[in-house]
Every structure is written in structure tokens, then in C-alpha cells.
Amino acid sequence: MEDTRILLAHGNGGRLMRELVAEIFARHLANPVLDTDADAVALPPLDGEVMVTTDGFTVQPLEFPGGNLGSLAVHGVVNDLAVAGAEPRYFTLSALIEEGLELAVLERLIASFAAAARDNGVAVVAGDTKVVRRGEGGGLYLAVAGIGVRRAAVRLDIARIAPGDAVLVSGPVGDHGIAVMLAREQFGLSGELRSDSASVLPLARAVRDLPGLRFMRDPTRGGLATVCHEIAHACGHSVALQEDAVPLRPEVVSVCEMLGYDPYFLACEGRIVAVAAADSADAVLARWRVLPDGRDAACIGRVEAGGARLILHTALGGRRVLDELEDDPLPRIC
Amino acid sequence: MPEREARRLSLGGRVQGVGFRPFVYRLAHAHGITGWVRNVNGAVEIHAEGESAPLQRFSEALLAEAPPLSAPGTLTTAACAPAGHDAFAILDSAADREADIHLPADGFVCADCLAELNDPANRRYRYPFINCTQCGPRYTLITALPYDRPNTAMRDFALCPDCRTEYEDPLDRRFHAEPIACPVCGPHLAFAPSSSAGEPSPSRDKGRGERDARAEAVRSTISPLSPTLLPAGERASDDEAALAAAVAALRAGKIVAVKGVGGYHLMCDATNDAAVAALRARKPRPAKPLAVMFPDLDALRAAVHATAELEAFLASPERPIVLLPKRAGATLAAGIAPGLAEIGCLLPYSPLHALLLADFGAPLVATSGNLSGEPVLTDNAEAQTRLQRIADAFLHHDRPIVRPADDPVYRVVAGTPRPIRLGRGSAPLELDLPAPLAEPVLALGSHMKNTVCLAWGTRAVVSPHIGELDSAHSLDTLAQVAADLQQLYQVTAARLVVDRHPGFGYRRYARETKLPLVEIWHHHAHASALAWEFPQHEDWIVFAWDGVGLGEDGTLWGGEAFTGAPGRWRHAASLRPFRLPGGDKAGREPWRAAAALLWETGAAAPFAPAPLHQAWTAGLNSPTSSSVGRLFDAAAALAGVCTHASFEGEGPMRLEAMATEKGETIALPLARDAAGVWRADWTPLLPMLADDARPLAERAATFHLSLAQALVDQASRLREDTGLARVGLTGGVFQNRRLAEAAIAGLEAAGFAVCLPQRLPVNDAGLSFGQVIELLHS
Numbered sequence: 001m002e003d004t005r006i007l008l009a010h011g012n013g014g015r016l017m018r019e020l021v022a023e024i025f026a027r028h029l030a031n032p033v034l035d036t037d038a039d040a041v042a043l044p045p046l047d048g049e050v051m052v053t054t055d056g057f058t059v060q061p062l063e064f065p066g067g068n069l070g071s072l073a074v075h076g077v078v079n080d081l082a083v084a085g086a087e088p089r090y091f092t093l094s095a096l097i098e099e100g101l102e103l104a105v106l107e108r109l110i111a112s113f114a115a116a117a118r119d120n121g122v123a124v125v126a127g128d129t130k131v132v133r134r135g136e137g138g139g140l141y142l143a144v145a146g147i148g149v150r151r152a153a154v155r156l157d158i159a160r161i162a163p164g165d166a167v168l169v170s171g172p173v174g175d176h177g178i179a180v181m182l183a184r185e186q187f188g189l190s191g192e193l194r195s196d197s198a199s200v201l202p203l204a205r206a207v208r209d210l211p212g213l214r215f216m217r218d219p220t221r222g223g224l225a226t227v228c229h230e231i232a233h234a235c236g237h238s239v240a241l242q243e244d245a246v247p248l249r250p251e252v253v254s255v256c257e258m259l260g261y262d263p264y265f266l267a268c269e270g271r272i273v274a275v276a277a278a279d280s281a282d283a284v285l286a287r288w289r290v291l292p293d294g295r296d297a298a299c300i301g302r303v304e305a306g307g308a309r310l311i312l313h314t315a316l317g318g319r320r321v322l323d324e325l326e327d328d329p330l331p332r333i334c
Numbered sequence: 001m002p003e004r005e006a007r008r009l010s011l012g013g014r015v016q017g018v019g020f021r022p023f024v025y026r027l028a029h030a031h032g033i034t035g036w037v038r039n040v041n042g043a044v045e046i047h048a049e050g051e052s053a054p055l056q057r058f059s060e061a062l063l064a065e066a067p068p069l070s071a072p073g074t075l076t077t078a079a080c081a082p083a084g085h086d087a088f089a090i091l092d093s094a095a096d097r098e099a100d101i102h103l104p105a106d107g108f109v110c111a112d113c114l115a116e117l118n119d120p121a122n123r124r125y126r127y128p129f130i131n132c133t134q135c136g137p138r139y140t141l142i143t144a145l146p147y148d149r150p151n152t153a154m155r156d157f158a159l160c161p162d163c164r165t166e167y168e169d170p171l172d173r174r175f176h177a178e179p180i181a182c183p184v185c186g187p188h189l190a191f192a193p194s195s196s197a198g199e200p201s202p203s204r205d206k207g208r209g210e211r212d213a214r215a216e217a218v219r220s221t222i223s224p225l226s227p228t229l230l231p232a233g234e235r236a237s238d239d240e241a242a243l244a245a246a247v248a249a250l251r252a253g254k255i256v257a258v259k260g261v262g263g264y265h266l267m268c269d270a271t272n273d274a275a276v277a278a279l280r281a282r283k284p285r286p287a288k289p290l291a292v293m294f295p296d297l298d299a300l301r302a303a304v305h306a307t308a309e310l311e312a313f314l315a316s317p318e319r320p321i322v323l324l325p326k327r328a329g330a331t332l333a334a335g336i337a338p339g340l341a342e343i344g345c346l347l348p349y350s351p352l353h354a355l356l357l358a359d360f361g362a363p364l365v366a367t368s369g370n371l372s373g374e375p376v377l378t379d380n381a382e383a384q385t386r387l388q389r390i391a392d393a394f395l396h397h398d399r400p401i402v403r404p405a406d407d408p409v410y411r412v413v414a415g416t417p418r419p420i421r422l423g424r425g426s427a428p429l430e431l432d433l434p435a436p437l438a439e440p441v442l443a444l445g446s447h448m449k450n451t452v453c454l455a456w457g458t459r460a461v462v463s464p465h466i467g468e469l470d471s472a473h474s475l476d477t478l479a480q481v482a483a484d485l486q487q488l489y490q491v492t493a494a495r496l497v498v499d500r501h502p503g504f505g506y507r508r509y510a511r512e513t514k515l516p517l518v519e520i521w522h523h524h525a526h527a528s529a530l531a532w533e534f535p536q537h538e539d540w541i542v543f544a545w546d547g548v549g550l551g552e553d554g555t556l557w558g559g560e561a562f563t564g565a566p567g568r569w570r571h572a573a574s575l576r577p578f579r580l581p582g583g584d585k586a587g588r589e590p591w592r593a594a595a596a597l598l599w600e601t602g603a604a605a606p607f608a609p610a611p612l613h614q615a616w617t618a619g620l621n622s623p624t625s626s627s628v629g630r631l632f633d634a635a636a637a638l639a640g641v642c643t644h645a646s647f648e649g650e651g652p653m654r655l656e657a658m659a660t661e662k663g664e665t666i667a668l669p670l671a672r673d674a675a676g677v678w679r680a681d682w683t684p685l686l687p688m689l690a691d692d693a694r695p696l697a698e699r700a701a702t703f704h705l706s707l708a709q710a711l712v713d714q715a716s717r718l719r720e721d722t723g724l725a726r727v728g729l730t731g732g733v734f735q736n737r738r739l740a741e742a743a744i745a746g747l748e749a750a751g752f753a754v755c756l757p758q759r760l761p762v763n764d765a766g767l768s769f770g771q772v773i774e775l776l777h778s
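Protein chains in written order, with this note's numbering: chain Z, 1 to 334; chain E, 1 to 778.
Derived from the structure by calculation, the hints contain no laboratory data. These numbers were taken from a predicted model, which means no experiment stands behind them. Don't take each hint at face value.
Covered by chain Z, according to a simulated footprint, are these stretches of chain E (three or more residues, beta-carbon under 8 Å) [said to hold, decoys possible]:
hint	region
1	408 to 417
2	496 to 506
3	579 to 590
4	606 to 615
5	618 to 624
Taking lysine to aspartate or glutamate and the EDC-like style, the derived pairs with C-alpha atoms no more than 20 Å apart in a straight line are [unchecked claim]:
hint	chain 1	residue 1	chain 2	residue 2
6	E	514	Z	243
7	E	585	Z	107
8	E	514	Z	251
9	E	288	E	342
10	E	326	Z	323
11	Z	130	Z	157
12	E	585	Z	209
13	E	514	Z	257
14	E	662	Z	326
15	E	585	Z	324
16	E	585	Z	262
17	E	288	Z	251
Positions of the beta carbon are idealized from the N, C-alpha and C atoms, including for glycine.
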């Protein structure tokens, strides 16, 4: 490497590009299936129902307390497969790199990607890099496709949700949104709060065979409230959350209080929202709470017949309607 | 035999559901007129035959002696051929498609019924549900039109023979009184303790245990809401027992949820500090003023100052809440309206309340039985559940409330009581449009203080107060009221009219109706509602000062002036804009607006956390605003009067209450911005407000006077620009009497004519109607 930063030439198909792929991508991501010289690879036979998903990743800043774009991308795709009841197996990776990105940063992010993939039993089997001009990309964008397998016994379906079902969450919500925002704005607040960016695979494995489990989803953009809206729209019933049951870290609460944000709409990157038959709720909680990322799991509400709304039952007995996110929320106190 | 003539008379307006046909029948008898009367669509049609002179007297009496609840419109008269009728008859209603329906509001018990209520010889003596064609519930009880008993909440109460006789006798004043009832066949009271009221209630009554035991005994003999459970005689005596148990609980300092006409009240002894404190702690409602119901005008006079005109208004069938100045040395609990100079007062508005207050013998707190910002609760089971932690006991009855109507509220500004809230007795508010609409529309109003307005042809009907649209209950009520108004008036909206703000709570409801939407700017609707009240004026200067509404430039307006007329308002003046840290939170926490003003001028705000300043600098959740409401909040916070509001408007209300008569006037610089809009700069007010060397009350007065002067200055510039000399004041800020009256005085001294709304609330409750007017002219 002749330079410490990405040049447009790193994307021109020549020597710099070859070196970049070899020294950063291939070195960290190496595995028996990956062949950087091939146009396409054949996957070994898969045992079970084949599941596929794809996702793109961007975050500012690229590195934040508790994670970075690399680990975030792996967790995002792992989590999508995990909440569908699958075991992740193979990923592809497409990296869009902005001219001027420090090579050291790129290497840290890809190393982090590789480590997270290994931790989740995932092999990266194909990849691509592109370089975009300065100002046309946020440092690095990652696009990942994931392939996993699911055993036939797992029956998760949003359509199985029925009134009376319990709504559960595997841990405190909003950590990622606040941690990244604080890192981005470089607030002088103490760095205690970390993103929750993590693989939810252990949490999903622990409960996916429970017959009473109806549905799982990992809240990301739009947070807990948006997942609840998705559930409400899909099943036609309302989700009623109990305000004082939703786990929130004190740091998240105090930042939200100060800046006027609603924690229910803040992004998470390592949580599961699950819907389970009421009599299975305790079993889900019991299995989650013995896991490191499930200690603060809680039953946060239930499904109520009709309305397809998200309602927050407040500590004072109010029933506040949480609307879907529009644009930036504007004050409406007149 | 003198020659007989015949006339065909027709009367529109509010003539149905108010005993108009029986009135015509009795009038015909009195004047020896033969013929018939019938309802035709929304009007009353009369065929009258008789000699010339009595016929003339009969025609004149139709308007002159019309029943108090009616509001007949124009009388049209045409001569016709006599048909030789030898009697006068009430004919069945004739209906066709083009109905012109009028829906009466709920009214207080009339003088005749009140006399019977207090007459031991009358069969309705002390019967809490006495009514007749001239009084009692209407809007809250009608399920469908035509207004017949099967279409009311009284459907399931079968008439006893005595009531049926009255109901069917055209000469009886209860002829076709649809909610007619008596102790034998009508609704009854039921007293029930709460299953889990908050902490033990404060008590100043030594005989509490005994009374509780009595209440328990009462409860065990009554099964609430089963009108046929007990023989009639026993049930009548149980009304007295239930009432006595409620009075005993109130005397013992307990909080009782009382079901009225349009919803539940939470009531407690208004002279018992501990009871009032308990109500505040449990609701929780730390500071928002509580309304007080007085047994009679004498009791009211002992607590507040009221003019003869206001006393007459308080005693009118509407029975409104009127904010009146506290009298020094009154015995009301200090916690009724802490930090404020006025108390919301009302007189008993139903026979039940008349009995309750007479038996209790002293003023009672009468605050809406709801959770803050939600519509008042109407359903027995729901009230029992949702108020269980607040109320110690419930005084239910078994007449269902079909839809809620909270108490109407008025405040005197510039010598006239002006509505702050539309409700029982004042709504549905039926208004005439200056021109016909192309198609029926439903206007959904604002997110706060929501009302809806159904409009078609040249008619508009504004609903009672619904509430803030954050809660499921409010949104459900909005949907119900919207459906009910369309069904009752037999009009189907072809279009919805909504505020431009994309986040108002009704947006999802609006989308789901699949109807086309028309979006109206918030402050245009305010200005147009005002303009409608004064149709003689073509072009205006209108000041629309309120909290926030989305403005045409994408910022949050609230200190705007416009020139023009409905359909063509031009933004002409405003405030120097500032950015509100924390967005919506600034509406609840006045210190944020104070920080915004300081930061905007480059000053420090030591009371605000540093990261918030950083967020504000970075533009995080810090929308730009020109709101006078927020300016008031900032003033209240800078002066140390209110840094955290426990209810909307607390800072401005307290600031107004403490302002002395005298203050100075600080000139606010006025300059045109790039768009040609005059902007007043509030900067000179900041050092004055924070100047601890000045008495607080003087700072408060100076703030009001300076803002009023800034308004006059803006009006003067706009007059120079346009030649207009007619000024309208609208928006919730002008509920502030001190500001409104100072502005009016200054404007009039400068040669302006000034108008302030009187029929519709100046606040967001008037917005739904204003949206219709704006649509009509665009």
C-alpha cells in the first residue's frame, strides 16, 4: 500500500484494487469456500429450508461505542435470519468505499466484520468492492446478502398472532440510537452508553422451538414502536405496551428527556421483539434471562383485538396512541 | 258568523325536539284556530283557519311566545283557501330527502319541572331525571333521528301508564317529551364504593365509619344498572339512599365520581383542603384549576364576583362554567385554583345536581371525570374501572350517555363572556355559512382542544369539545362523533378538511376514510373563523397568536399577522424566530423556551444543560418557531414564575394572574425581513424579565403591556402598507384578558376598530369551523 487513504485508483480494477482485496478483504475473510479469483462459487449442500436475506448498511460515525459498521452489518443480517428461525451459513459482501477513507479504518471495519461472521458461524463466500468519489459516500457502505437454513419444525408467522398474545423484548431499547447519536454529535456526555449492536442468534436459538412462540423481529430503524406497528398492520390487531414495563437504560431515558426524543422510536441493533401465546410468555423469558444478552428481557404488553394501533398504557392509566413515524416529528402543542 | 280565513305558515330553525308542535297546538286552542301542524323535514308547517283578528294574533304569538329551547327562523306566511277544519290536529311528520335537521343541545331543568322537583305532592318530587319538552338532555341521548323515544337512550325504559298519558296528551307540557320519565318507569341512581381508591381519603368527619357502613348497606341492596331488578317503590327510595350515601361520602371528605348528563364529574367538598389535595394527588393534577359547582347564586356570590348579566348567563339553560374573579376571604379551599385570580364556576345543570348540591348545602369541586386531555368518561363500567384509583365512590345512574359532552367554559374578555370550550348546552353549535358549499365536508380541526365540524349547503355544525388527540379514547371519540353527526344530520361528507400539520392525531383516521383531503394552514383557519363572525368586513388585519401551528414556510408559527380575507390571507407580520430545544417538550417545559431566547441572542442559559445547547446548536430536534405562546412560556420561566408546566398554558396563566395594573412599555424593534414580513424583536424584554430588582408583578405587567404595544405597532405599519384599519385578534393567546384588553385599548386609541371572537372559542376549538370557512373561500 503506497497511501494511507483510499484513492479512486483502488476501484479501477488494477493493481491497487487487487492489493486492497487481497490485503484487507481476503486476508480477514478467508475461508475454504471463498475464492477471490472466481466469478461465482458453488455452495456445499444445505441441510434444511434455505433462507435468504439482503441488507445495506450505513452509519455515522463508522465506529461508535459498542460497535462499528463492520460488526453492525454482520449482526444485521445474522439477526434477520435468526428471527426468522434460521441458522446463518453464508454471506456475500459488497463494499462501496468513499475516496479518502483511511485504510486503517477500512481494515478495522473489515476485521470486525470478519470476526463477527466467525463468531456466528458464517462464511463470506463472495464479495465485491467499488470506490466512489469523495463526497459521494459516507466513508463506507456495506451491502450483505445472507443465506441460512431453517428446520421444518420452526413455525414462526406474523399471521399466527392473536388477541391476548404477549409481547416481549429481549433487553433495553434505544441504546443504539442514542449511543450513535451521541458519538456523531460528539456530545461531552460520559461514554457509558454503548450500542446494543450484537447477534441475537443465541436468543433466537433459545426460544425458536417453543410451540407458543408466534413471531420474532429485531427492531432496527424506527425502534420498538415501528416493529409494533408492523405487527399491528400485519395481524389487524392492536399492540398495547405497558409504559413502565418497557426496559430502558437510565442513560437513554435521561438523554431522551433532555433532547425531547421518544425512546420507543430509537434504533436497536441487538434486540428481539417476540410475540408469544400468553401461557408461553414465561417460558420465553426464562430461556432469555439466563443468556448474557437476555438478562433484562421483559414482557412489555399484549395484543388487543382490532384497531391495528399501537397504544402505550401509561403509568397514570392513559392510553396514548403512538403514531407511525412520519417525517421528522414536529411539535403540535398549540 | 264572521268570515273565516286560512293561512299556510312555515317556520325553520330549531323547531324540532323542542316541543314546538305541542306549543302550536296549545296556541291554536287558546286562539280558537283550527287546522293542523306537522313537521316537514326540519321545518314546522301550519295550516291555520280562523277569523282574521285571532289568526293574526296566533301568527304573531308563534314567534313571540315560542318555547325557550326553540330558535325559530323566518316565518313565511301565505294565504290559502279554508278547508273547513273544525278542530286543530298534530299530523304525523312528513319526510322527504332534503332534511333540514336541527339537533338541540342539552339544557338545564326548566322552571316548571324545577317547581315539580321541589313539590312534595308531585309524583316526580325529588326525581333526579325529571324533564319535559322544554328541558333536559338531547344531544347526549339521541341515537338517531327522527327524535322519537325509540331513537334515544330511553328506548329500554317502557313508559308507565301515567307517563304514557302525559306523553300522548297534546295539551300536556310533556306531550312527546321523548326522555319523559318518573320514579316508576325511568332511570335510577346507584351508589357504589370504589374497589381501589388511592390512599385513605382525608376526613374531617367523626362519624365516618358509621356512614361507610351505611353506604355499604346501600350498595348491597342495589345492583347498579339493572332497572328492572327491584319493584318501583323500592327503587324510588333507593334513589334517596344513593343520594344520601353520596352526600355522606362528600361530607366525609371523599371523592365521588358523579354521572351527569354528558359524562362523569369528579366531585369533592370544595371547602375541604385535604379533599381537594387528595383529588389533585390522585388525578394527578397538581395545579390546573378545578371548576366549582355552587348550590345557588347566593353561594356563588360569597366566593366570586359576578355581574347581574353574568349571573343570568350562569343560570341560563346552558348552565356554563364561567371564570370569575375570586372574592377575598372566600371559604373555598386554597387548592382550587392555585396562583390564579379566577375560579371556574357553575350552577347545578341537571335535576340530579340540583338535588345533590341542595342536600350537600355547599360548593363542590366538579372537574371532568377523565384522564387529562381525554374526553369525559360516559360509560358506567369504564368509569368504574378507569376512575377507580381516583374516586372513593361512584354515583351512577342507568340512563346511558350516547356521546360525551363536557361542560362548556367561558371567560370574560373585554366585557363579554367568550367561549373557551364548547360542550353540554352549547354544542352541537349550529352556524350558517355565507355561501353554499359545493359538497358536504367534515373538518377535523386541530390536534389540541379538538372539535370537528360537519358542513353542507349553507350549514355548519361544530361538535362539543373532544380533547387532545394523543389518546386512543380521544381518537375513538372523534371517530364516533364524526360518524354520529353525519348520521344524525343525514349528511355524508364527500371530503375531509384537515390541518397542514402531517402529525396531527387524526391523520390516520383521515387516511382510512379514503376520502379526499383538503389541507388548510393552521393560522389561516384561525383568521377565517374570526372573519366569519363579522361578515360586514371585507379585508382585515388579523393577529393569530397561539402555541404552535405549522406555517407556510415550514416553521412553527404562533405570532402571526395577516392581511386580507378568507381564502387570501397574506402573511404580513410575525416575531423574530427562535429555535425550540427539545421540540414538543418545549410546550411542557417553559425553561426550554427561555433557553431558546437567550441562546438566540448569544447569551448564556445557565439553567439549561450544556448538551442541550450543543444539540440546539447542531439543530437536533430544535424546530424554528415564532410562537407568542412560547414567548409567554419563556417570560414565565425567566421571571421564575413557572419553569415546568403541569398543564398547558400554566406559565402564561400565572404570569397574567400576577401582573399588576401598572407597568412600563418596552418598545420592541420592528423590521421587515427578506420576505417583507414585519418582525418584532423580543430581545429587549429579556433583561427586564430576569431583573430580580424589579417586583415580579411589575415585570409580568410590563411583559403584557410591551407585547400589546408591539401588536399595535405592527398594526400601524400594516395600516400604512394597506390602508386597512380593522383588526381582528384570534388564537389561544387572546384568552389572556390582560393582553387582549391592553391590545384593544392601544388599537382603539390608535384609531383601529377591533374584533374578538364571541361565538366560537378563540383557541384551537374554533379551528374546525375556520377550516370550513377557509375552504369555502378558496
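Coverage criterion applied to the region 496 to 506 of chain E (partner chain Z; beta-carbon cut 8 Å; 3 residues)
Holds, because 5 residues of the region 496 to 506 of chain E bring their Cβ atoms closer than 8 Å to Cβ atoms of chain Z.
Given the hint that residue 326/E pairs with residue 323/Z, does the C-alpha gap stay at or below 20 Å?
42 Å, violated
8 Å C-beta criterion, at least three residues: is the region 408 to 417 of chain E covered by chain Z:
Per the Cβ count (0), the hint is violated.
Compare the distance between the alpha carbons of residue 514/E and residue 251/Z with 20 Å, and conclude whether the hinted pair is satisfied.
Outside the cut-off at roughly 42 Å; violated.
Given coverage of the region 579 to 590 of chain E by chain Z, tested with a Cβ cutoff of 8 Å and a minimum of 3 residues:
With 9 residues closer than 8 Å to chain Z, the region 579 to 590 of chain E meets the three-residue bar; holds.
Verdict on chain Z covering the region 606 to 615 of chain E, criterion of 3 CB contacts below 8 Å:
holds (count 6)
Compare the distance between the alpha carbons of residue 585/E and residue 262/Z with 20 Å, and conclude whether the hinted pair is satisfied.
Holds, at roughly 11 Å.
Holds or violated: residue 130/Z and residue 157/Z, Cα atoms, limit 20 Å.
Status violated; Cα separation ~37 Å.
Do at least three Cβ atoms from the region 618 to 624 of chain E come closer than 8 Å to Cβ atoms of chain Z?
Since three or more residues must qualify, the claim that chain Z covers the region 618 to 624 of chain E holds, with 4 doing so at under 8 Å.
Does residue 107/Z lie within 20 Å of residue 585/E when you go C-alpha to C-alpha?
Given pair residue 585/E, residue 107/Z is violated - Cα atoms ~42 Å apart, limit 20 Å.
So if I understand the rule, the pair passes when the alpha-carbon distance is 20 Å or less; does residue 288/E with residue 251/Z pass?
31 Å, violated
Holds or violated: residue 662/E to residue 326/Z, with C-alpha atoms at most 20 Å apart
48 Å, violated
Hint violations for this structure: numbers 1, 6, 7, 8, 10, 11, 12, 13, 14, 17, all remaining hints satisfied.
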